[in-house]
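Q: Residue numbers for the sequence shown, in our numbering: 1 to 100.
None of these hints come from the bench; they were simulated from the model. Where is the CB? At the ideal position from N, CA and C, for every residue including glycine. There may be inaccurate statements among the hints.
Each computed BS3-like pair below joins lysine-lysine, with the alpha-carbon atoms no more than 27 Å apart [stated by the list, open to error]:
#	residue 1	residue 2
1	K63	K50
2	K32	K50
3	K32	K63
4	K31	K8
5	K8	K50
6	K75	K32
7	K31	K75
8	K8	K32
9	K8	K75
10	K75	K63
Between beta-carbon pairs, the in silico distance windows are [unchecked claim]:
#	residue 1	residue 2	range
11	R16	D52	32 to 38 Å
12	K31	D52	20 to 26 Å
13	A54	Y4	37 to 43 Å
14	R43	V76	19 to 25 Å
15	E13	G35	22 to 28 Å
16	S24	L77	16 to 22 Å
17	V5	V76	27 to 33 Å
18	T9	L77	36 to 42 Å
19	R67	L14	20 to 26 Å
20	G19	S59	34 to 40 Å
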Amino acid sequence: MANYVHGKTTRRELQRLTGDQMQSRWRTNIKKFWGTLYDSIHRAGLGLTKRDVANGITSIEQKLEARCPEFLRIKVLFSEMSNIKPAGTVDLVSPLGPLS
Numbered sequence: 001m002a003n004y005v006h007g008k009t010t011r012r013e014l015q016r017l018t019g020d021q022m023q024s025r026w027r028t029n030i031k032k033f034w035g036t037l038y039d040s041i042h043r044a045g046l047g048l049t050k051r052d053v054a055n056g057i058t059s060i061e062q063k064l065e066a067r068c069p070e071f072l073r074i075k076v077l078f079s080e081m082s083n084i085k086p087a088g089t090v091d092l093v094s095p096l097g098p099l100s
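Can you build the whole structure from these sequences, using the hints too?
A: Below, the structure written as structure tokens:
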């Protein structure tokens, strides 16, 4: 990932990042994403507050983005991943019949 960013970015501050720094940023962003996703699904009181409106946040999507930058893009990325079946649920019978 570090090589890709170094080759593609035009921002000087990103070109100086090491692999460890990028990994740390990735972990931080993913941790924010999972926390925000959990709250968006399970918390009933996630609505807008007076403080949110005072800060210019006028929708739930903006609130989610404020809590986790690029939240909606990451959510789309993970939602497009194929589901993985646990090995215990896979049917191992051959479509050609029993093997002898």
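Q: Range first: 34 to 40 Å. Now tell me if the beta carbons of G19 and S59 are that far apart.
A: Holds, since G19 and S59 (Cβ atoms, about 36 Å apart) stay within the stated range.
Q: Sort out whether K32 lies within 27 Å of K75, counting only the CA atoms.
A: holds (12 Å)
Q: Run the distance test for K8 versus K75: straight-line Cα separation, threshold 27 Å.
A: holds (23 Å)
Q: Verify the CB-CB distance for E13 and G35 against the hinted window 22 to 28 Å.
A: holds (26 Å)
Q: A range of 20 to 26 Å was offered for this pair. Does it hold for the Cβ distance of K31 and D52?
A: holds (22 Å)
Q: So the hint says 27 to 33 Å: do the beta-carbon atoms of V5 and V76 match that?
A: violated (21 Å)
Q: Range hint 36 to 42 Å: satisfied by the CB atoms of T9 and L77?
A: violated (19 Å)
Q: For K63 and K50, compute the direct alpha-carbon distance and say whether it is at most 27 Å.
A: holds (12 Å)
Q: Taking the beta carbons of A54 and Y4, is their distance inside 37 to 43 Å?
A: holds (39 Å)
Q: Check whether the Cα positions of K32 and K63 lie no farther apart than 27 Å.
A: Satisfied, since the Cα-Cα distance of roughly 13 Å is no more than 27 Å.
Q: Can you confirm whether the C-alpha distance between K75 and K63 stays at or below 27 Å?
A: This hinted pair holds, its Cα atoms lying about 15 Å apart.
Q: Has the hinted range 19 to 25 Å been met by the Cβ atoms of R43 and V76?
A: holds (21 Å)
Consistency note: the structure conflicts with the earlier hints numbered 5, 17, 18.
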